[in-house]
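Chemist: Chain B: place on chain A using the hints.
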Amino acid sequence: MVELGVAIVATINAMIRFSVPITFGALSGIFSERSGVVNIGIDGMMLMSAFTGYMTNVILSQPGVSASLQEDPTRLGISLAVALLTGGAMGLLHALLSIRYKVDQIISGTVINILALGLTGYFYQEETRTLGKLSNLIGNPWNQSGSVELKLADNFKFYFPYDIGRILFDKDLLTYLSIIMVFVVGWALVHTTWGLRTRAVGENPRAADTLGINVHRTQYMNLFISGVMAGLAGAFLTLAAVGSFERGMTTGRGFIALAVMIFGNWKPSGALKGALLFGFAMALQNQLQLFGINFPHQLVAMLPYILTIVVLAGFVGRVQGPAASGQVYEQE
Amino acid sequence: MATSATTRPAAPRRRFSGPSARMWMALQGLLIPMLSVFTAIMVGSILILLNGRDPITAFEGLFEGAFLEPRGLLATFRNMTPLVLSGLAVAFAYKCGLFNIGVQGQLIIGSITAAWVGYAVDGLPPVLHVTLSLLAAVAAGGLWGAIPGALKAYADAHEVITTIMLNFIASRFAEWLISTGSTDGKIKPGPLSDPSQTGAIARTRDILDSAKLPTVYTVPPNFSLHAGIFIALIVAVAIAFLLYRSTFGFQLRMVGLSPNAARYSGVNVKRVTIMTMLIAGALAGLAGGVQTLGVNYHYEGNQSLSLGFDAITVSFLANNAPLGMPISAFLFGAMDSGTTRMARDAAVQPELIQVIQAMILMFVAADQIIRRLYRVRAPGFDGAQKRLESSWRK
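As given, the protein sequences belong to chains A and B, one line each in that order.
Residues in the first sequence are numbered from 640 upward in steps of one, following the working numbering.
Residues in the second sequence are numbered from 3 upward in steps of one, following the working numbering.
Looking at chain B on its own, in the form it has when it is part of the complex:
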């Protein structure tokens, strides 16, 4: 398909217009990501061969585990939920020219806050309790995200390093909150630790039933899908609306494309920077809250560790478009839920998926490699091919 389009000698480019042009552009936009995923899977196959395993069995297992088993498909939907939200957290900041590597930390803070509100507040009806817990997660994640935003705006500290540092700080801080203290009692247990869990894995108490997200579908005996997926989809649409149909979204994208031009046209760049990181952090916090209220029902150390990095790849695979996030997250959710089957069927270590995801990010970012490999011409719509560069020092 791709080759036939390019072996043709340089014919004059057709001028597209109207809805068909939009369709064609959308398809063009999908081509590179699809080829990137395909190529990454091929590289993954080579790695599987290198380890002396059978790639066909492995990917068969991955596919079956992710889509064909009812539990697997549910797990795919369940896995994609936080990925949609955290992918949005990366994409939203990126549109403003900010690179949010801090999703992990914002997510941890959101998770643990949701868990705290989920068990500490008693006597609320379920709808209110869930809403309150999620709002708390959103607020906490937002504040955590606003810190690098403010540091960038007022102290010129680059958000890449500050967000990474805040990941580590969040993880250590949460570890302290749930820590069990020393055995001789000289160091007190953390304020959110579960006293009944002494000696076991440090964690918070379980949230109350009223704070659990309702389930929408159950596979017996005890596997269910929670309502978070709808929250994620609604939020994706809302973010798209905010970015492309609101004044703030316009200002934000303007800052992303050219901070100086935005400044001269009267945009308060500092304020937009902080607000952007606040909203991005809020999205990541929501991802964490949904995870706590829908899946884990408590917070424990090191849970969902790789979500932060995955978020970056999910976002870039979707070309940082909010409405592309569900598709890209679905793919990643599937890869996550299929790994167990893959590991069982073909004895392939689950970390392979991380390699494939890194490859996907690499190929999506370096689209020239893919274009050269498959001889895909750059799209004729040069204006549509704008490249956003988050510069090291603005």
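The shape of chain A in the complex, shown without the other chains:
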């Protein structure tokens, strides 16, 4: 018989795991859209960063590499940095194409997505190994035997402090960082010069230009950061969540992130809520059998995507994005 408490804890953990890359992806979307550039290349940026982060980890794990580089914080730190820079570079490519060469931003994003699929597939070698992924930052401070056992029903057992510990503390660096970033970005958008400029450029580039803000420089910078955020999402996938790479492993998370951003009304705090909701929908697909429910998992797998459409169609309430998003600003 399935133990319900175990299933619930597992689902919550899976929900958090799925929502981290979506949160970073949504932040990536916020950075670019708030400055007036649509970024549908988030998925490709994620994939590229996931790949370069993983490959760096693989290369540093080779036997010939000096031991000081192979130690856990150094190796993973370098891998993480490479992933973030890759994302940033992809962000700059998007900026170059859409701002300098005036490519339609949707097409530019599509180029990035296809390019990432091709490049990662081309350079990926199967059966590569690493020395390991990011370990959990704190670890569960409580053990199961010493914790209080709550028995609510025959098959519903909950080990009170132990299960709480698993949810709160058994997490890696990037998971905590995603939550911190939500608040940092949310605060910075309102209270810093950068945030003010970004919002001005996204809402009314003409007015911003008149006030002496360099519209294009703001957009370049924001797209770089947007890429770095997508890089964090990608790095989470290969350096923290699974520790390995697969062709096309992002499976549309970047697009879901965009929908989550819209769902969250272009605000980081809203994005976090949206990401948790979508993470839950994704977790459900994996955990359904744990609950002993016999239902085709393929149909449950449709849930996050259907949810995205429902959100986009505004059935959950109207949202209003940055006014100038999607249009190239022509400097005079």
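In case anyone wonders, no lab produced these hints; they're calculated from the structure.
Glycine included, C-beta positions come from ideal geometry on N, C-alpha and C.
Fair warning: there could be bad hints in the mix.
[What the hints assert, rightly or not] Some, not all, of what chain A presents toward chain B, calculated at C-beta under 8 Å:
(1) Ile745
(2) Ile746
(3) Leu754
(4) Leu756
(5) Phe894
(6) Leu929
(7) Asn933
(8) Met941
(9) Ile948
[Stated by the list, open to error] Derived CB-CB ranges, DEER-like:
(10) Thr849/A x Ala240/B: 42 to 52 Å
(11) Ala240/B x Lys912/A: 46 to 56 Å
(12) Asp208/B x Asn933/A: 26 to 36 Å
Modeler: Same frame as chain A, but now just chain B:
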């Protein structure tokens, strides 16, 4: 060729008129795509060198595999068939200012519907059965395409994300339809799964012989070209006619260029949007149906996965012109059929082709890069150089 035209100091532009001007414009239109393809291949060569392989051998293998072997040439024609149709599905929507990234999903729905009608309907003469299956694929793909159209028209949901989501939904839905169920029997097999295939790859039953597209040419022992290529060419001409010679086509292009102007002149923009996506979806559905009835003879999961993205590049390489689609699809079909030889001769991973295709899309879209690189001046016919921008929120 390109440089000699531009090193000349700024001479007064000749005024062209009449048929020669049209020819010149057509050539000008071909220049950027050709240079884009060339540049993308050069970048591909660098990538091959980076992996320590020989680019000359690789592209020799690609060329031989795509054109010189009889089987290869047939494969090129066979590969280009769905690409013409799915490229049209992108181009048609684009003319209305809509970006249809949903070709993949519409194609999957068309494929599986054709397979279902192909095996479930029995006792029809071949011509009728093929027609019925294709019509079913067209209808199913059209309905799948109309969903994002309606969502755009009535709920203002941007088609880029809704079509991408519908790709994933279509793929999961088809997976369920053909799924074999759980081994303990608690989860039932999907309604279209082949019961004789337990344990193997999930797929539908094979279609009946009467539903197979006739072959037009065979290379022994068992390699043949099906009649789908003719369907694709006829449809390309028909779409060109619909776009440029019909009232609906005029309205559609008007909505694409300026939705507000179209609205003020009495065009029902919502209706045009839905109809456009319906037809685009129908074209993609037809592509899927032709693939099932001509090549695979059944539907199985994850088949023809990259067709959806390829369609976008094919369409943009042809500058979204229906009659350019066969040429652009021919090139892409060739790249696909040559990869096996390329992989065998030079040990280059097939994914390289995807990189080259992405580069082609990038260079075609960012023609300024190409113009700067090869010093090609922008065409003198400024009026002809109109840029269509699908805006994020209209």
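Chemist: So which of the earlier hints does this model not fit?
Modeler: 6
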